[in-house]
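Visitor: The residues making up each chain are set out below.
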Amino acid sequence: MKVIVCLGNVPDTTTKIKFVDDNKAFDTTGVQWIINPWDELALTRAMELKEDSKNTVDTVTVITVGLKEAEPTIRKALAIGADDAIRIDADPKDAYYVAFQLAEVLKKEDFDFVFSGIESSDFNGAAVGGMLAEFLDLPSVSAVSSLQMDGSAVNLTRDIDGGREVISIQTPFVAIVQKGIAIEPRIPAMRGIMMARKKPLNVVEPAEQEVLTGFTSFELPKSKPPCKMIDPENVKELVDLLQNEANVL
Amino acid sequence: MAVIVFAENWDGKFKKLSFELVSYGSKVAGMLNTSNVILSIGDVENEELNKLGDYGADKIIKVQHEKLKNLDNKAYTSVIAQVAEKEGASVLLLSHNNTGKALAPRLSVKLKAGLGSALIQLPASVKPFTVCKKVFSGKAFAYITIKSDIKILTLMQNSFESVLSQNNATIESFSPELDEGIIKTEVTDVQKQTGKIILTDAEIIVSGGRGMRSPENWGPLEELAELLGAATACSRPVSDEEWRPHSEHVGQTGKIIAPNLYIACGISGAIQHLAGVSSSKYIVAINEDNEAPIFEAADYGIVGDVHKVLPELIKSIKEFKSEN
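Same order as they appear, the protein sequences are chains H and F. Once you know that position 219 of the first sequence is 220 in this note's numbering, the rest is easy, because the numbers rise by one and skip nothing. Once you know that position 48 of the second sequence is 50 in this note's numbering, the rest is easy, because the numbers rise by one and skip nothing.
No lab work stands behind these hints: they were computed from the structure. It cannot be assumed that every hint is accurate.
Here are the simulated DSS-like pairs of lysine-lysine, each with C-alpha atoms no more than 30 Å apart in a straight line [what the hints assert, rightly or not]:
no., chain 1, residue 1, chain 2, residue 2
1, F, 283, H, 225
2, H, 19, F, 129
3, F, 149, H, 19
4, F, 88, F, 149
5, F, 283, H, 237
6, H, 108, F, 149
7, F, 186, H, 51
If you want the footprint, here are the derived chain F segments under chain H, 3+ residues with CB under 8 Å [unchecked claim]:
no., region
8, 28-41
9, 189-195
10, 216-224
The beta carbon of each residue, even a glycine, is placed where N, CA and C say it ideally should be.
Chain F with its partners taken away, still in its complex shape (with noise of 0.2 Å):
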């Protein structure tokens, strides 16, 4: 028996969200009278590993290969279940971010094993093993119970607080076997964003909605995203107005975010983009319109221009900064 965690690397570093996968999977284990084995595929140095023990991993696998270089979701399936096999997994967990949406499903079919996806804190119980995910977009909670013997659990990012627990782990290699010709997707591109904060990786989210009037004014926007160490996120209507771009989308069908501080400014919060920001631990909305329904998701609201609310914002926080 073991739980397994799949901590995936970016460019061979974790991040913080890998740390809350070890140390979520190190509860569960606790749980279940089990260790917390974590499996590491790709190219990631034993120093790097080693933080995974200071979260509670007891053992370390490390997958080196050179086809897995890139995500293939079959590759990978067939690599994690092989580990989970020789573990005796009983429990998988895997992030809910994009990867992690893109192997649970496939490994809970070759596994037989029921699927709790979403999850935004530890089994309610172990026995029948009962988990709690968000349903109807964050209108909602709903308990699940998973029958079958292996359980695959994806965790919201976010959502559960990583712990210290000074753990030796050892590390050990796995060589997987891979079957000539499994891997059907090669990846010609790759683009990435550099020098901005991820958003679905950020702890303050600066976001703006048709409030905002014209794109020639996300300045103010940009200038205090900038200064919050924050990203900059909009709602629907301007990226369909492509006055920012669609990555910046957040709400029911755009991006999932869940961010320690969400300033919505200009966004009236029309119910699918609550639905993709109402797990923010506090939101604070700038509107003109006092019966906004945004105030009734908010924490802290201003009413009034947000071209004007900006500027004095933005001076209260570099204030704020130049006094502490």
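Isolated chain H (complex conformation) (with noise of 0.2 Å):
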């Protein structure tokens, strides 16, 4: 079996998000970049299933919509343990771009299954997974906190509001991941970061796509009134203004 993990390249979410060019562009100076935190535990998962030698998982092939600058996280991913990855040499203009780009390729593969994070933390679309499952003719199941295999059969688990859903399905399908498909992330150990060195990185032109969406500008929040003090011998005193200031009670 062969699993496919879509990776973002991402600003670490520690960054001061700056901008520039009167607003229009985001300013990337000084950024680190990291594997987007949910594809990051996709891949994670992926490398469990591969590693459980009740399964058949053999396969696991990371792809990301990114130019050069992206190859170190791409290196990030090989060494946490994917066998290979694919690069589509394009700026990720948005989810609908990035989405064709990546179902052009993968038509072309053979897989069983795809790992997509529910969102990227940098513009927050969750979009690029149900995307890619439409352009791909699939289906897909989206908020899944788990994924189960028995032989060729997999349960899925979604969350839905206030529960949870199992769903049987067959492959191939688009799985769109969030928190509890696994819990921490894997960190690439020193062997991992050797051999990721030596594992294919294919680099492919980007199809012709138009866009359908542009930023126009970018805004940073307002500062807010800074914090109101409350003594803790007069906790009285913040249900007063839970009450009758924030009318909240």
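Starting from the two chains in their separate frames, assemble the complex, guided by the hints.
Guide: Shown next, in the form of structure tokens:
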């Protein structure tokens, strides 16, 4: 079985966000790039499935849409354990464009299922996985917090408002995953880092595709008024404020 | 032309987010000078459907089908697309909840329609069609222009006030065509929380962090939540340590919430935590470290031992409740 894991290359979650070019572009100066946190959990689960001899997963391929700057992130995924990688050499303009490029390549690949993180921590679109499934005309299950295999039968757990559903599905499919699919992302070991240098990283040219959306400008949130401090000996004051000032009780 | 709102139901009932969506749809329809058409899939009584009229629905399309008892993304996408085509949709609106996140991207591809997701306010303009969303997990806002003829929007829960607007909505039924074999998923088990307030629906949330020190200390936090009719939540270290279930984890990789009041007990406020809670209208922080970053995000703060402050807070809330 072959599992595809889609990767996003995103700024580290502790990055101080700034904009340049009259607030029209994100300032990438000094930014550390990481694997999108949900994609990292997906990759972790893919590795667990491969390592468990009860399963038939033998290959984990990571795929991303990004320029050459995205390669350290891809190498990290290879160091975590992916067997090979595909980089589609294009600027990831919007979710539709990214999903289209992924689909164009994956149409030619033989795979059993695709993992895609539920959203990216930069633009929070929550879109690529579902779009990819539609481009590939495959079933998709979103908000997946567990994937269990029993031979070729796959059970996915999906979060719903106030509960969970277990879904039985046949390959091929796209699983759009969230936390729970794995708990702690795997960290590359030294041996993995050494091996990653020799693993195949195939670069492919993007296909022609228009974009449907465009960022026009960015804005930072207005600074909020300072926190009103309340004496711990006088908690009643907090209740008064919540009642009369905030009106939330 | 029409604005089409997909109104999900929960066991045949709508909830607050449904009315927020219908109200939002009504405003957008006004901006575009068109009608606000609501699509309901599943078994919902007309009496319940009529409630949507009270929030500005012009027409309600009801779809009932044996194959649509459970959410199958391909089948639902096909049905919504059929309705969008039939009605000549210019805007398609869904919630940015799990269901909306599952369907909106598929619809975007199916209808070749640009997607503006996780919106927090009305479109800034309709010509060009520009929407505002949070980006970088709440650390900034972006204005996005959607260039396609059809636009798909998803609205964040609790970010748009529902407005009563008496409309006499008409209800009509629609029978979709569903291809044989379109459904490849089968729901084999459902586990529902009972008697607990759903985190993403809660107006008040009481949340605990590592400062609670151990899972045995959650009693007062739960008591406070019960008093306030609130849901309980926790920070990532707490769920990672399995002090609390993962379903309670709020933060960047957990649940993103937007209640009216968020009470953070013993939570230091790491940037990833704030990413999940910064949309709360008011934040109260209780922490013994006066330099904890949570106080920069909070509206009201108490520097003190959470184990001493919580019982005091419970006492004051009880007094307040008995007086009101």
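Visitor: Regarding the pair residue 88 of chain F and residue 149 of chain F, is the alpha-carbon distance no greater than 30 Å?
Guide: Holds, at about 22 Å.
Visitor: Do at least three Cβ atoms from the region 28-41 of chain F come closer than 8 Å to Cβ atoms of chain H?
Guide: violated (count 0)
Visitor: Hint check: residue 283 of chain F vs residue 225 of chain H, CA-CA at most 30 Å. Holds or violated?
Guide: Roughly 11 Å separates the two Cα atoms, so the pair holds.
Visitor: Does the region 216-224 of chain F contain three or more residues whose Cβ lies closer than 8 Å to a Cβ of chain H?
Guide: violated (count 0)
Visitor: With the threshold set at 30 Å, check whether the alpha-carbon distance from residue 149 of chain F to residue 19 of chain H stays at or below it.
Guide: Distance of about 26 Å is within 30 Å: holds.
Visitor: Can you confirm whether the C-alpha distance between residue 283 of chain F and residue 237 of chain H stays at or below 30 Å?
Guide: 21 Å, holds
Visitor: Taking 30 Å as the top limit, are the C-alpha atoms of residue 19 of chain H and residue 129 of chain F close enough?
Guide: OK: residue 19 of chain H and residue 129 of chain F at ~28 Å, within 30 Å.
Visitor: Please verify whether residue 108 of chain H and residue 149 of chain F have alpha carbons no more than 30 Å apart.
Guide: OK: residue 108 of chain H and residue 149 of chain F at ~27 Å, within 30 Å.
Visitor: Quick check: do three or more residues in the region 189-195 of chain F have a beta carbon closer than 8 Å to a beta carbon of chain H?
Guide: holds (count 7)
Visitor: Hint check: residue 186 of chain F vs residue 51 of chain H, CA-CA at most 30 Å. Holds or violated?
Guide: 24 Å, holds
Figure legend: structure checked against the earlier numbered hints; hints not met, in rising order: 8, 10.
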